[in-house]
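K.L.:
The whole structure should be built from the sequences, with the hints applied where relevant.
Protein chains: 2
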Amino acid sequence: MIVTPWEVSGHVDYEKLIMEFGTSHITKGLLERIEKAAGETHFMLDRKVFFSHRDLDWLLDKYEKGEEFVLYTGRGPSGDTHLGHLLPWVFTKWLQDKFDVELYFQITDDEKFVVKENMELSETTRLGYDNALDVIALGFDPDKTFIFVDTDYIKSLYKIALRVAKHTTFSTAKAVFGLDNSTNIGMSFWPAVQAAPCFLPSVLKYRNVPVLIPAAIDQDPYWRITRDVAPKLGYYKPAAIHSTFLPGLQGPESKMSSSKPETTIFTTDTPEDVKKKITRAFSGGGATIKEHKEKGGNPDIDVACQYLYQMFEPDSNKIKELFDGYRSGAVSTGDVKALLIKKVTDFLTEHQKKREQAKKKLDKFILKD
Amino acid sequence: MIVTPWEVSGHVDYEKLIMEFGTSHITKGLLERIEKAAGETHFMLDRKVFFSHRDLDWLLDKYEKGEEFVLYTGRGPSGDTHLGHLLPWVFTKWLQDKFDVELYFQITDDEKFVVKENMELSETTRLGYDNALDVIALGFDPDKTFIFVDTDYIKSLYKIALRVAKHTTFSTAKAVFGLDNSTNIGMSFWPAVQAAPCFLPSVLKYRNVPVLIPAAIDQDPYWRITRDVAPKLGYYKPAAIHSTFLPGLQGPESKMSSSKPETTIFTTDTPEDVKKKITRAFSGGGATIKEHKEKGGNPDIDVACQYLYQMFEPDSNKIKELFDGYRSGAVSTGDVKALLIKKVTDFLTEHQKKREQAKKKLDKFILKD
Numbered sequence: 001m002i003v004t005p006w007e008v009s010g011h012v013d014y015e016k017l018i019m020e021f022g023t024s025h026i027t028k029g030l031l032e033r034i035e036k037a038a039g040e041t042h043f044m045l046d047r048k049v050f051f052s053h054r055d056l057d058w059l060l061d062k063y064e065k066g067e068e069f070v071l072y073t074g075r076g077p078s079g080d081t082h083l084g085h086l087l088p089w090v091f092t093k094w095l096q097d098k099f100d101v102e103l104y105f106q107i108t109d110d111e112k113f114v115v116k117e118n119m120e121l122s123e124t125t126r127l128g129y130d131n132a133l134d135v136i137a138l139g140f141d142p143d144k145t146f147i148f149v150d151t152d153y154i155k156s157l158y159k160i161a162l163r164v165a166k167h168t169t170f171s172t173a174k175a176v177f178g179l180d181n182s183t184n185i186g187m188s189f190w191p192a193v194q195a196a197p198c199f200l201p202s203v204l205k206y207r208n209v210p211v212l213i214p215a216a217i218d219q220d221p222y223w224r225i226t227r228d229v230a231p232k233l234g235y236y237k238p239a240a241i242h243s244t245f246l247p248g249l250q251g252p253e254s255k256m257s258s259s260k261p262e263t264t265i266f267t268t269d270t271p272e273d274v275k276k277k278i279t280r281a282f283s284g285g286g287a288t289i290k291e292h293k294e295k296g297g298n299p300d301i302d303v304a305c306q307y308l309y310q311m312f313e314p315d316s317n318k319i320k321e322l323f324d325g326y327r328s329g330a331v332s333t334g335d336v337k338a339l340l341i342k343k344v345t346d347f348l349t350e351h352q353k354k355r356e357q358a359k360k361k362l363d364k365f366i367l368k369d
Numbered sequence: 001m002i003v004t005p006w007e008v009s010g011h012v013d014y015e016k017l018i019m020e021f022g023t024s025h026i027t028k029g030l031l032e033r034i035e036k037a038a039g040e041t042h043f044m045l046d047r048k049v050f051f052s053h054r055d056l057d058w059l060l061d062k063y064e065k066g067e068e069f070v071l072y073t074g075r076g077p078s079g080d081t082h083l084g085h086l087l088p089w090v091f092t093k094w095l096q097d098k099f100d101v102e103l104y105f106q107i108t109d110d111e112k113f114v115v116k117e118n119m120e121l122s123e124t125t126r127l128g129y130d131n132a133l134d135v136i137a138l139g140f141d142p143d144k145t146f147i148f149v150d151t152d153y154i155k156s157l158y159k160i161a162l163r164v165a166k167h168t169t170f171s172t173a174k175a176v177f178g179l180d181n182s183t184n185i186g187m188s189f190w191p192a193v194q195a196a197p198c199f200l201p202s203v204l205k206y207r208n209v210p211v212l213i214p215a216a217i218d219q220d221p222y223w224r225i226t227r228d229v230a231p232k233l234g235y236y237k238p239a240a241i242h243s244t245f246l247p248g249l250q251g252p253e254s255k256m257s258s259s260k261p262e263t264t265i266f267t268t269d270t271p272e273d274v275k276k277k278i279t280r281a282f283s284g285g286g287a288t289i290k291e292h293k294e295k296g297g298n299p300d301i302d303v304a305c306q307y308l309y310q311m312f313e314p315d316s317n318k319i320k321e322l323f324d325g326y327r328s329g330a331v332s333t334g335d336v337k338a339l340l341i342k343k344v345t346d347f348l349t350e351h352q353k354k355r356e357q358a359k360k361k362l363d364k365f366i367l368k369d
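As given, the protein sequences belong to chains A and B, one line each in that order. With the numbering used here, letter number 260 in the first sequence gets 260, and the count goes up by one each step, no holes. With the numbering used here, letter number 79 in the second sequence gets 79, and the count goes up by one each step, no holes.
Don't take each hint at face value.
Pairs involving identical chains hold if they fit within one copy or between any two copies, as the list cannot separate such chains.
[Unchecked claim] With a Cα cut of at most 25 Å, we get these calculated PhoX-like pairs of lysine-lysine:
(1) K368 with K205
(2) K205 with K155
(3) K116 with K174
(4) K93 with K36
(5) K293 with K318
(6) K364 with K98
Honestly, the hints are just simulated from the structure, not real lab data.
P.N.:
Printed below as a string of structure tokens:
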């Protein structure tokens, strides 16, 4: 298992990650507090798609005392947006709606440029603005959502990043990210730039603002560094809530990745693409229809089952029915895939319409220096 | 002898630096070419105050073929400006006048913040704008001089710095600057930001522009990294011309340093300050007037003699007369100091007047994003 901000591979053991990263489980008590504060729960919480956190209890304390928090998440624009990216954003939108809070959304064209050997900076910037359309299409509140592409907002970020950098040694970056001496100096500075938005709301509002970061667990090393530095700068440590990864189409031991198009369904895929890709996706069913009917399948490793579970079937009763049927063999791989194809196609048809409309709304969302 | 961008101490052996850094002597032939191109020579060249270079011959080739070059130098605002800072700027102004070229002047508030443990960022920015007054006071051409304080021009610089950073490993930065794992990640990224202005003119002008950097020799490690990266980005390698250091008031084995006020004459010092400081300065003369008259003194280590030689007495006949007299004992330490006090006071009186006027001219010079 390898889980770093730049690579996720092997069978991801999320329990082990909680131990290794030193994060906390989202307990039943915490789930109840969220439900009480939000007025409802979210299936991604119930199903442990968001499964781990840092200081979420502290954040709820603050919230219950009337202290407003903000959300921070982001996107590394190394390619087109895919469903795996949307997963935490869908949850982030729910948080924004339920808690009526601001979202700061960082698009890291600078990072992707220094990390990806064959990408040019203008390309990552272009992808950044293109990816922003997918964020906007999800329906975030234009009055409370601030999206910035790093190279166009660096004047604001840089001053904060310098403060973080001054308190972060190369040893720390090395230990936390596994950098070595052959790492380029853009990558070694980068953790400071990803930390900057944690303190940006405090800088912009002239007061200490609690921040909650909903993001996949691979981003946690950044928050570890940021949390160490925060008290030295006089800011709150950012709280975080971590999601699992949406598996790639080829099976559970992969993560959807825009740099591996064969693993992904992009937000701009046509209904034909979707049908073709899901039809070919890794199945947890029996080798033949006969075998499946007799022995059943395994929904926990079946990609279509997992996409429904993690993202596309909010109704938990329906999920139970479906998984039970799949396990027994009454529900076939074809049935599950057909259901997913319909759900994803409906979702993307609507998403693509909103994505088109988002082209006229960019100015309302984008922060620029 | 330690000579790095952050520390200069011990007896500086400039011949050894040429060997160690791998730079070139300014030969007689090169001096003649400069004189021919400029229409006259400059005493700092004749006296080897500017003593070393990289690719100056290449730059003159370009110039002779009608290709315009630009100048780039800068200032790290860790304190008030002193005479040691002005030395290369005085020569830079001469280059601008004689070759009728643009000057890009970087003020590195970001660097000084990450390097100096006890300085705040707003303090280095404030000092940066204050130091800019001294640059302007020297009479640079307002139509051809572009001064920028990094944190206020970072949006333009960052995109170039990222390109440099992508091609510079931590190993390289380590080897060239003696960084180690305890170095903060702001310092490890920094060489990319100091390199950026070497390519800025090319970016701004949409063509490859030759750059000449007049600066003290301690800055050369930056140009070594920059020159390695330049061809990978498709730009010319910057050429450089290196000066010696103006010694501190306490003697030849020190460099004027704003962080050690006792070593310096600041540009804002009063005539009384100047008189007091020069009177107390390290002398190469005899221990007593009697001894000096008998055995003479050593102008090569005498601080007042050196200030006249390096900066304040352009007339080389007068310098010869003075030094001969000092060596023979006919000219006393008091005589030399009195002459220097007069020269420095006259210079600073005029400089301070222009510095005051510069406060109204900042907008004409400052580049901001």
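K.L.:
Now tell me if each hint is right for this structure.
P.N.:
To see whether the hints hold, each was checked on the structure:
Taking identical chains as interchangeable, the C-alpha atoms of K368 and K205 lie at most 25 Å apart whether they share a chain (17 Å) or sit on different chains (24 Å). For a Cα distance limit of 25 Å, the shortest separation of K205 from K155 qualifies both inside one copy, at 17 Å, and across copies, at 22 Å. When the C-alpha separation of K116 and K174 is checked against a cutoff of 25 Å, the pair qualifies both within a copy, at 19 Å, and between copies, at 23 Å. Taking the shortest Cα distances, K93 and K36 sit within 25 Å of each other inside one copy (18 Å), while across copies they are farther apart (69 Å).
Taking the shortest alpha-carbon separations for K293 and K318, only the intra-copy value of 20 Å comes in at or below 25 Å, while the best inter-copy value is 107 Å. In this homomeric assembly, K364 and K98 come within 25 Å of each other (Cα to Cα) only inside a single copy, at 22 Å, whereas the closest approach across copies is 51 Å.
When each numbered hint is compared with the structure, no violation occurs for any of them.
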